[in-house]
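J.: Just need the whole structure built from these sequences, with the hints factored in.
Just so you know, the sequences run in chain order A and B. Residue 207 is where the first sequence ends in the working numbering, and the numbering goes up by one at each step. Residue 389 is where the second sequence ends in the working numbering, and the numbering goes up by one at each step.
Honestly, I wouldn't trust all of these hints.
As the list claims (entries may be wrong) - The calculated lysine to any residue pairs, modelled on SDA-like cross-linking and capped at a C-alpha distance of 20 Å, are:
no.: 1; chain 1: A; residue 1: Lys167; chain 2: B; residue 2: Lys226
no.: 2; chain 1: B; residue 1: Lys208; chain 2: A; residue 2: Gly186
no.: 3; chain 1: B; residue 1: Lys179; chain 2: A; residue 2: Thr105
no.: 4; chain 1: B; residue 1: Lys337; chain 2: B; residue 2: Gly347
no.: 5; chain 1: B; residue 1: Lys229; chain 2: B; residue 2: Glu206
no.: 6; chain 1: B; residue 1: Lys270; chain 2: B; residue 2: Asp237
no.: 7; chain 1: B; residue 1: Lys338; chain 2: B; residue 2: Lys226
no.: 8; chain 1: A; residue 1: Lys32; chain 2: B; residue 2: Phe71
no.: 9; chain 1: B; residue 1: Lys208; chain 2: A; residue 2: Gln169
no.: 10; chain 1: A; residue 1: Lys27; chain 2: A; residue 2: Val57
no.: 11; chain 1: B; residue 1: Lys208; chain 2: A; residue 2: Arg199
no.: 12; chain 1: B; residue 1: Lys308; chain 2: B; residue 2: Arg258
no.: 13; chain 1: B; residue 1: Lys208; chain 2: A; residue 2: Tyr192
Hint data in this document are derived by calculation from the structure and do not stem from the laboratory.
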Amino acid sequence: MPLLSEEDRKAIRGHFDLMTKDVKVTLTKAPGKCDTETILSELNELSSRLIVEVVESTDKDQMLPSLSIGDSGRVLFKGIPSGYEFSSLLTGIIDAGRDEQTLSDETMAFLDNLQEDLHIRVFVTPSCPHCPQSVVLAHRLAGYSDRVVAEGIEANEFQELSMKYQVQGVPRTVINETFAVEGSQPEPYLIEGLKRHMGIEKDA
Amino acid sequence: MSFKVEIGAVNSGTGSSENSYQLVIAGGGPAALSAAIYAARYGIKHLVIESWQPGGQAALTAEIENYPGFSSIAGSDLTNAMKQQATAAGAVFVMETVENAVEENGKILIKTDLGQYTSDYLIIATGAAPATLGVPGEEKYYGRGVSFCATCDAPFFKGKKAIVVGGGDSAVKEALHLTHVVSELGLVHRRDKLRAEPYLAKKLVEHEKVTTWWNSHLAEVTGDDQGVTGVILDTPEGRKHIETNGVFLYVGTVPATEPFKSLVDLDGKKAVVTRNIVGTSNPRVFAAGDVTNNGFRQVVTAVSEGARASAAIFELLESEE
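T.: Here is the structure:
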């Protein structure tokens with residue numbers, strides 16, 4: 004039985020029709036069949052613009068499964084993109100498939116002037132309806148700036164990492180090991196918080 | 069673990085290409101989704117401005133057992149099905165945040181983080197956000213043991229101790245959800261009896277993992293650099309320190325009415341004051357669901373109010389032709 008219902012397929016086709024360019028999604032996984040591979044193959048049937056590449060890894064230290072959306076290698080999801088995180092995956096694909104920019108001018112100016120690289124980790128659970136907001140925002144920052152790497156991380160699947168970053172609630176966004184915020188932060192709040200943390204003065 | 073598909077939170081919008089509508093529906097929960105289904109089927113030119121939390125509070129409810137037609141359904145499954153039904157009926161959604169709404173030249177002007185829309189009518193169905201208690205430690209340990217969403221955060225408390233504060237339906241439903249995961253659960257309620265449905269209340273109070281603290285108040289959340297380690301309760305027997313890892317707060321909600329405060333009358337709790345169930349002080353603005361002062365905050369009443377609001381607007385549009 005397919006994972007996507009006919010209604011899901013219809014709705015997803017509607018979203019995928021917005022794409023104007025091809026998008027590669029690379030799944031790195033342990034040997035053997037997995038649901039993430041199955042869902043990607045079902046998505047593959049819904050748009051000719053989606054190119055799915057599956058790579059097998061036996062590296063025990065790698066966080067698997069891992070998804071990379073687009074060619075940059077900076078828009079990542081670690082774990083199974085189930086539940087609400089399936090929405091994050093779809094939004095990431097749609098974003099990568101078109102040239103429209105959704106970030107505000109202030110955010111783009113901040114990213115254009117970055118003097119250091121940002122590694123954003125957004126810890127989530129599949130049952131959290133407001134987590135995709137944080138993952139998608141992080142992915143959009145990474146999609147815009149080559150100084151940003153953004154990972155959505157399914158906290159249940161990577162418990163050691165979750166413990167390391169003191170995740171006891173989701174979403175929790177951790178940036179460069181030193182900056183962390185709880186809950187869904189709208190774009191201007193996250194950027195302002197980050198600016199304060201980095202010692203960047205608010206625009207005059 | 070089975071793969072679950074939730075597409076309700078897909079954000080593929082970059083703002084609507086049009087900006088003039090007969091009806092704008094603000095919100096993404098059951099009231100808004102029901103209003104959207106009816107608006108689409110009535111052929112009203114409409115736009116649903118969802119916030120970033122699809123499904124509203126209902127989507128945060130682990131199990132809903134009192135919505136007719138389903139003996140038990142996950143809140144997110146129910147709201148996802150509603151959204152799919154609305155989409156199939158032709159409802160048009162954008163995922164934006166309403167920042168402000170005012171009346172100008174007989175139209176409602178709605179400003180969002182991504183755009184600006186004018187509309188003949190507006191349905192406010194923006195729901196309500198969890199209320200806080202303002203006690204020491206609550207804000208400090210938010211996300212590090214203090215939570216407003218058991219559905220989201222329960223996995224972090226597997227085999228640990230947790231407490232739930234509250235006595236309404238939400239508190240009891242989420243406490244029951246937590247009993248599947250935690251080793252011990254404390255229930256703290258300011259009265260000597262739960263307000264929740266008696267069926268659910270009995271199930272919780274009799275649960276082997278549950279200890280009840282009646283007539284008690286949360287005074288402080290304590291912790292260390294790892295997160296919450298306990299709470300201080302004011303009980304009829306005096307102050308008590310209870311060891312716990314998680315504190316789940318269900319102490320009411322605050323209606324999400326800030327953007328609409330100049331448009332309609334609000335009551336002392338910031339809820340939209342309704343007339344004839346879905347009308348407001350502004351004849352061009354209707355309201356439905358948890359954002360109103362209608363009282364009974366259930367999915368079943370929210371969908372009813374959403375439907376009534378769209379039906380009332382359809383009649384008004386017809387009479388204007």
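J.: Hints first: check each against the structure and report whether it holds.
T.: Hints, one by one, checked against the model:
1. A:Lys167 x B:Lys226: Satisfied, since the Cα-Cα distance of roughly 17 Å is no more than 20 Å.
2. B:Lys208 x A:Gly186: 13 Å, holds
3. B:Lys179 x A:Thr105: 16 Å, holds
4. B:Lys337 x B:Gly347: 18 Å, holds
5. B:Lys229 x B:Glu206: With Cα atoms ~17 Å apart, B:Lys229 and B:Glu206 stay inside 20 Å; holds.
6. B:Lys270 x B:Asp237: 12 Å, holds
7. B:Lys338 x B:Lys226: 37 Å, violated
8. A:Lys32 x B:Phe71: 16 Å, holds
9. B:Lys208 x A:Gln169: 14 Å, holds
10. A:Lys27 x A:Val57: This hinted pair holds, its Cα atoms lying about 11 Å apart.
11. B:Lys208 x A:Arg199: Since the Cα atoms of B:Lys208 and A:Arg199 sit roughly 19 Å apart, the hinted pair holds (cutoff 20 Å).
12. B:Lys308 x B:Arg258: Roughly 15 Å separates the two Cα atoms, so the pair holds.
13. B:Lys208 x A:Tyr192: 18 Å, holds
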